[in-house]
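*Asks:* The residues making up each chain are set out below.
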Amino acid sequence: MEIMQIVGLGLITTIFYIVLKEQKGVFALQLTIAFAAIVFIMMMGKIQVILQVFEDLALKANINMFYLTTIFKIIGIAYIAEFGSQICRDAGTESIAGKIEFAAKIIIMVLAIPIIVAILETIIRLIP
Amino acid sequence: MDVGVVFKIAGIGILTAVLHSVLKSFGKEEQAHLATLAGVTVVLFMVIQLLSGLFDYVRSVFSLY
Numbered sequence: 001m002e003i004m005q006i007v008g009l010g011l012i013t014t015i016f017y018i019v020l021k022e023q024k025g026v027f028a029l030q031l032t033i034a035f036a037a038i039v040f041i042m043m044m045g046k047i048q049v050i051l052q053v054f055e056d057l058a059l060k061a062n063i064n065m066f067y068l069t070t071i072f073k074i075i076g077i078a079y080i081a082e083f084g085s086q087i088c089r090d091a092g093t094e095s096i097a098g099k100i101e102f103a104a105k106i107i108i109m110v111l112a113i114p115i116i117v118a119i120l121e122t123i124i125r126l127i128p
Numbered sequence: 001m002d003v004g005v006v007f008k009i010a011g012i013g014i015l016t017a018v019l020h021s022v023l024k025s026f027g028k029e030e031q032a033h034l035a036t037l038a039g040v041t042v043v044l045f046m047v048i049q050l051l052s053g054l055f056d057y058v059r060s061v062f063s064l065y
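Respectively, the protein sequence lines represent chains Z and R. Every letter in the first sequence is one number past the one before it in my numbering, and letter 80, counting from 1, is 80. Every letter in the second sequence is one number past the one before it in my numbering, and letter 14, counting from 1, is 14.
Hints are computed from structural coordinates only; laboratory data are not their basis. Check the hints yourself; a few may be wrong.
[Unchecked claim] Examples of chain Z residues toward chain R, derived with CB under 7 Å:
hint: 1; residue: F16
hint: 2; residue: K24
hint: 3; residue: A34
hint: 4; residue: Q48
hint: 5; residue: K73
In this text, a Cβ means the ideal position worked out from N, Cα and C, and glycines have one as well.
Just need the whole structure built from these sequences, with the hints factored in.
*Replies:* Laid out in structure tokens, this is it:
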């Protein structure tokens, strides 16, 4: 079970964090970043498998791959922005975390615009 | 995934904290700060390598660019 590894590593990291936070805050923060990256990389293999399944289903259903890759990109941007903003929030810089989330929202919006346009065009074609 | 990075960072952090206090008690403030800076740089190298690996992985999985 991978969850046991992650919980154990998380608890150990928390203890080291408490120890290091007293003397050197920089190392405590970098410890957090390293832990977050390790958990993320551990989960990435599983996410890849899930995305592969979705891709196969979309191929079977004859869905345009452009929409699926856009959705994957949006999910990826959301994950990575969450990762960054949570680390910034941990370090106490709320404003930088807010900026990261803001940028992620805008970039997701830009990626989503072609899908929105396609939906609107379909609706307009349906309405005579 | 190599979990050892977390322990390495914690070890370097504790070592640097001890080194800092020892050098400070000897009255060598400058070298204490330099030792701290060196420790931070070494740890930053590790963290940046980890992050670059993560970003490459995410980019390949989610086909970003």
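*Asks:* Hints first: check each against the structure and report whether it holds.
*Replies:* Results of checking the hints against the structure:
no. : hint : in the structure
1   : F16  : holds, 4 Å
2   : K24  : holds, 5 Å
3   : A34  : holds, 5 Å
4   : Q48  : holds, 5 Å
5   : K73  : holds, 6 Å
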